[in-house]
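Trainee: Below, each chain spelled out in residue letters.
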Amino acid sequence: MTLKRPTQSAAQVSPQTIWMLAVRDQRDKAAFAALFDYFAPRLKGFVMRSGARSAMAEDIVQDVMLTVWRKAAQFDPARAQVSAWIYQIARNRQIDVIRKESRPMPELLEVEPDAECDASVIVEVEQEAAVLKQALAQLKPGQRDIVERAYLGEFSHQEISAQTGLPLGTIKSRIRLGLERLRHELKELR
Amino acid sequence: MSQIKHHITDPMLVAYAAGSLEHPFALVVAAHVSLCEECRVQLGAHEAVGGALLDGQAVHAVSVSMKDALLAQLDVVPAAEPDQTCERSGAYPGPVMKALKGKPPRWKSVGGGVRQTLLHVDDDGSVRLLYIPAGKAVPDHGHNGIELTLVLQGAFSDEAGRYGVGDLEVADDTLEHTPIAEQGAPCICLAATDAPLRFNRLIPRLLQPLLRI
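Chains as they are written, first to last, in the numbering used here: chain V, 1 to 190; chain D, 1 to 213.
These aren't lab readings, by the way, just hints derived from the structure by calculation.
Watch out, some of these pointers could steer you wrong.
Take a look, some chain V residues computed to stay more than 10 Å from chain D by CB distance [what the hints assert, rightly or not]: (1) Val13; (2) Pro15; (3) Ile18; (4) Ala22; (5) Asp25; (6) Gly51; (7) Met56; (8) Trp85; (9) Gln138; (10) Lys140; (11) Gly142.
Simulated pairs of lysine-lysine, BS3-like, Cα-Cα distance not exceeding 25 Å [what the hints assert, rightly or not]: (12) V:Lys29 with D:Lys67; (13) V:Lys71 with D:Lys67; (14) V:Lys100 with D:Lys101.
Cβ atoms here follow ideal geometry from the backbone N, Cα and C, with glycine treated the same way.
If we strip away everything but chain V, and leave its shape as in the complex, we get (with noise of 0.2 Å):
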């Protein structure tokens, strides 16, 4: 993928992106370190909120980071960020090791991520994460903690359900755009 220039915004594209990307059309080594060291203490912390021990969660993390690097192909920055697509990545690889068995998952979607991808999309694209993560981080802690649980698989749906003051719908309005795109690749697809 070669980013447009010069968008003014181009310098905006998060590190975690161009390392992911690098490694996506350059297989660069070097990238891939880069997003190990960022996402696997994170990763680890993750899986051990949901119960692994430290070994187990080690080993899970590795997976996950050996599926970022041979799947990368299948990143698309215009349509989801980095940390969503390695945090389904990780669900997956934890539903397998708990349950012995895999997530039934949807049919892929037939898109080629776009050779020629406008950088002010990513940027665009990330900048609602992080008003996203804004929205988070302006939770009460107890809400806070029970969005972290469902979203770590602590609840079933009924559990969720459940939680009637759970602003599920409020945090999940603040994604749009990538969304919206989304939509619009689908309607050209049918």
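The hints should help you fit chain D onto chain V, whose structure is shown.
Mentor: Below, chain D without anything else, positioned relative to chain V:
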């Protein structure tokens, strides 16, 4: 597929994204998302929330040896993975084809012209394909838990409304319903429950242990 009117609820999408949804329901969600743009978009939103939480997570130092071991594996070409995905075939979306192991369904009669193919049973519940000839009804039943029914072909109506291709009905233990297939093509549904169905007539109730429904 923009005519889909009945979608997955937010709590169920979150549970799916987080991996806490029972396997039978997760298969229905994956099949619905394969057919429904709106829910694919909504699932993307929930994954973004999960990503933001991951990004803001307190760090836990990882061992240097693990990183070295991982970096050493980058040049290893992985052995071909066992079937990760199956392609859609006719009315059956990819995840359903995967559950069918890529083969056409093997139908078994459950009476009244209705047939089923059991896809998966475990302690969390079961998921099956149902084949309902036009104009026929699935035996009158209630639920001990929740039943998800996704229409893959044709349409059915019951006490709660009309469901066409891609529509998902969520029935809980308060709903006693008799889904009836519309005229036209036979109705094929993907149905998952987290508890055995309760049939209201004697014969199906006697057959229940044999049919595992």
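Trainee: Next, verify each hint and record whether it holds.
Mentor: Hint check results:
1. With a least beta-carbon separation of about 15 Å from chain D, V:Val13 lies farther than 10 Å from that chain, consistent with its non-interface assignment.
2. The claim that V:Pro15 lies off the interface holds: its Cβ sits roughly 12 Å from the closest Cβ of chain D, which is beyond the 10 Å cut-off.
3. For V:Ile18, the requirement that its beta carbon stay farther than 10 Å from each beta carbon of chain D is met, with the minimum near 16 Å.
4. Every CB of chain D lies more than 10 Å from the CB of V:Ala22, the least distance being 13 Å, so the non-interface label holds.
5. The Cβ of V:Asp25 lies farther than 10 Å from every Cβ of chain D, with a closest approach of about 15 Å, so its non-interface assignment holds.
6. No beta-carbon of chain D is positioned within 10 Å of the beta-carbon of V:Gly51; the least distance is around 12 Å.
7. The claim that V:Met56 is not at the interface with chain D holds, since no C-beta of that chain comes within 10 Å of its own (minimum 12 Å).
8. V:Trp85, annotated as away from the interface, has a beta carbon of chain D within 10 Å; the closest lies near 7 Å.
9. Here V:Gln138 stays apart from chain D, with its beta-carbon at least about 12 Å from theirs, past the 10 Å limit.
10. Here V:Lys140 stays apart from chain D, with its beta-carbon at least about 16 Å from theirs, past the 10 Å limit.
11. Listed as outside the interface, V:Gly142 is consistent with that label: its C-beta sits roughly 15 Å from the nearest C-beta of chain D, beyond the 10 Å cut-off.
12. A hinted pair counts as satisfied when its Cα atoms are at most 25 Å apart, and V:Lys29 with D:Lys67 qualifies at roughly 12 Å.
13. Restraint check for V:Lys71 and D:Lys67: satisfied, since their Cα atoms lie roughly 18 Å apart, inside the 25 Å limit.
14. Only pairs whose Cα atoms come within 25 Å are accepted, and V:Lys100 paired with D:Lys101 is accepted, the gap being roughly 18 Å.
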